[in-house]
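Residue numbers (the numbering used here), protein chains in the order written: chain A, 399 to 703; chain B, 99 to 413.
It is possible that some hints are incorrect.
As the list claims (entries may be wrong) - Computed footprint of chain B on chain A, listed as stretches where at least three residues anywhere in the stretch have a Cβ under 8 Å from a Cβ of chain B:
{"id": "1", "region": "464 to 477"}
{"id": "2", "region": "553 to 567"}
{"id": "3", "region": "639 to 650"}
Unchecked claim - The list that follows gives simulated cross-link-like pairs (lysine-lysine, DSS-like), each with its CA atoms no further than 30 Å apart:
{"id": "4", "chain 1": "B", "residue 1": "Lys217", "chain 2": "A", "residue 2": "Lys637"}
{"id": "5", "chain 1": "B", "residue 1": "Lys375", "chain 2": "B", "residue 2": "Lys170"}
{"id": "6", "chain 1": "B", "residue 1": "Lys400", "chain 2": "A", "residue 2": "Lys507"}
{"id": "7", "chain 1": "A", "residue 1": "Lys637", "chain 2": "B", "residue 2": "Lys306"}
{"id": "8", "chain 1": "B", "residue 1": "Lys354", "chain 2": "A", "residue 2": "Lys457"}
{"id": "9", "chain 1": "B", "residue 1": "Lys400", "chain 2": "A", "residue 2": "Lys423"}
{"id": "10", "chain 1": "B", "residue 1": "Lys170", "chain 2": "B", "residue 2": "Lys354"}
{"id": "11", "chain 1": "B", "residue 1": "Lys400", "chain 2": "A", "residue 2": "Lys418"}
{"id": "12", "chain 1": "B", "residue 1": "Lys217", "chain 2": "A", "residue 2": "Lys418"}
{"id": "13", "chain 1": "B", "residue 1": "Lys354", "chain 2": "B", "residue 2": "Lys219"}
{"id": "14", "chain 1": "B", "residue 1": "Lys219", "chain 2": "A", "residue 2": "Lys418"}
{"id": "15", "chain 1": "A", "residue 1": "Lys610", "chain 2": "A", "residue 2": "Lys457"}
{"id": "16", "chain 1": "B", "residue 1": "Lys400", "chain 2": "B", "residue 2": "Lys375"}
{"id": "17", "chain 1": "B", "residue 1": "Lys217", "chain 2": "A", "residue 2": "Lys423"}
{"id": "18", "chain 1": "B", "residue 1": "Lys354", "chain 2": "B", "residue 2": "Lys217"}
{"id": "19", "chain 1": "A", "residue 1": "Lys457", "chain 2": "B", "residue 2": "Lys267"}
{"id": "20", "chain 1": "B", "residue 1": "Lys400", "chain 2": "B", "residue 2": "Lys267"}
{"id": "21", "chain 1": "A", "residue 1": "Lys599", "chain 2": "A", "residue 2": "Lys610"}
{"id": "22", "chain 1": "B", "residue 1": "Lys170", "chain 2": "A", "residue 2": "Lys423"}
{"id": "23", "chain 1": "A", "residue 1": "Lys418", "chain 2": "A", "residue 2": "Lys507"}
{"id": "24", "chain 1": "A", "residue 1": "Lys423", "chain 2": "A", "residue 2": "Lys507"}
The set of hints was computed from the structure by calculation and includes no laboratory data.
Just so we're clear, the structure is a prediction, and the values are computed from it rather than from any experiment.
C-beta atoms are modelled at their ideal positions from N, C-alpha and C, and glycine is treated no differently.
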Amino acid sequence: MTVAPDPPSLPAKRPSRLLKNWMAKVASIPMILTALVVFVGGTTWTVVYSFTGSRMLPKTNWVGLDQYERLWESDRWIISITNLGIYGVCSMILTLVAGFCLAACLDRKIRFESAFRTIFLYPFALSFVVTGLVWQWILNPQFGLQSVVRGWGWDTFTFNPLNDPNTVIYGILIAGLWQGTGLIMCIMLAGLRGIDEDIWKAARVDGIGTIKTYVVVIIPMMRPVFITSLVLIASGIIKLYDLVVAQTGGGPGLASEVPAKYVIEYMFRAQNLGQGFAASTMMLCSVVIILIPWAYLEFGGRKRG
Amino acid sequence: MADFTNGPRGPKPKKSFSRANIFLYGTLIMVSMYYLLPLYVMIVTSLKGMPEIRLGNVFGPPMEITFQPWVKAWSQACTGINCEGLSRGFGNSVRILIPSVFLSIVIASINGYALSNWKFKGSEVFFTILIIGAFIPYQTMLYPIVIMLRESGDSLTAFVRFFYADAPKVQLMGSLSGLVIVHTVFGMPILTLLFRNYFASVPEELFKAARVDGAGFWQIYFQIMLPMALPIFVVAIILQVTGIWNDFLFGVIYSKPDTYPMTVQLNNIVNSVQGVKEYNVNMAATLLTGLVPLIIYFASGKLFVRGIAAGAVKG
């Protein structure tokens, strides 16, 4: 069957480079096809066709940067980007803070730790569609949270984020945080558990308070964990789609549109492929902008394990 | 990544009612309530009748428990003119889930095995591309995949008809098999990483000994690696079942109303503009859709955490 396993053990006569280890190559065909055809090929194809005026079907009538100009002149895209920015910044800060605080609480040698952990993480197992629909119902102004608080006698209480164009994105944020913090908490907890117990002892000997120890000693030590968390949160934010579709459908009006939804609307509903390609290329660019510094920090200089 | 499931070290604290502890447990219990609230609301709303819901007490327990909303959500709820309930979406999701999980795990485990034990020239390059690919927004690949599915469907049809002239047309785009392919492709990066890291941790002597005994690629895979990797297969199954079940994007793009998975059908039922909104039926439908991942989550416990810790690299 197969010949030599690895370069170090070279047999006396080698049949041919290509035939060496051929079974592994055959077995890797699905992976190679996925990597080259779908990932590289598909992405390149989309980027190339974003310079065309394709409408219902992809065509090669080159229009230069027209699609991008139209994209950045479109109100809908600006709203989408703004929403993503607000959602992104808030969700990044709040998820990191909440995730770290919860993890720190759970790390204080408490009872029922695994019960708490199970509770904080279960939303992560759910579909964004489920999350969106539940929170749509809880935030329902007629029968939901608002009406309950009013029923308690606070007649003027208003909490109706999903029907106000100015606040709808915060309504989505509530649901997004509910689903996402558990994962970050888990990662932070893993990071906290990786910290040597002696650090705590040393801090105690030096008379540094608990909170100050966290801020001054522990958090700087957990830099890699924070970076991993940031990349995770960021790549989740860019993908934000299902939650919006389920919770608000992009409304009221266009107030809660996001880029991922913009792409799909133009590609599959509005029959305007070129716009969809241009918008998705912009999404790709944003990922590249996030990933390059991270890859540099993570893998730059030292070899990957 | 360190395994935090071992629990904290050191003795338990002696003073359990200190002010700091009360504050700590108070915070945790408050936050737990925020996390449990939606699950609770889903359950109580789905057990109420519509008149009770109109009273407006979303947090109150049902005065009169009724299972009618569940029955309706399962078998009668409407999307547009179609009133079959969620059961069809459930069937579709199961028919997508089983082959996708099987296929993606088989392919990824072989990939991981080849990548860690049978490295060939360029194998690391393909693997790196695969991992980078996991970060590319799906939106950039959606349309090319539509074309690929359509074209390969056509070529397959032509191929089959070469032998049997009256064979039916092979449909990949809009069919369950198309979705299975898409899930297999997009599950590949994370699963390959999972298996590669696992097989790389297997002592190399074992592999070399088998090589000396004359075992080949498949023999080593089936007789040595596969039996050893069973726990990681369980992790991969958990990861894939929850991931594929919860998928919405691919379901919406690559299927037709007949083949909509459960999440898409759920969204269509709840967000349909026609008719009177029946919130209890909606919540029953939502809970039904969330039930499969929830059961897996609560049943698998630490393995689920292990799966996402591996998935953390992908995001």
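- prompt: Which numbered hints does this structure break?
  reply: 1, 2, 4, 7, 9, 11, 13, 15, 16, 18, 20, 22, 23, 24
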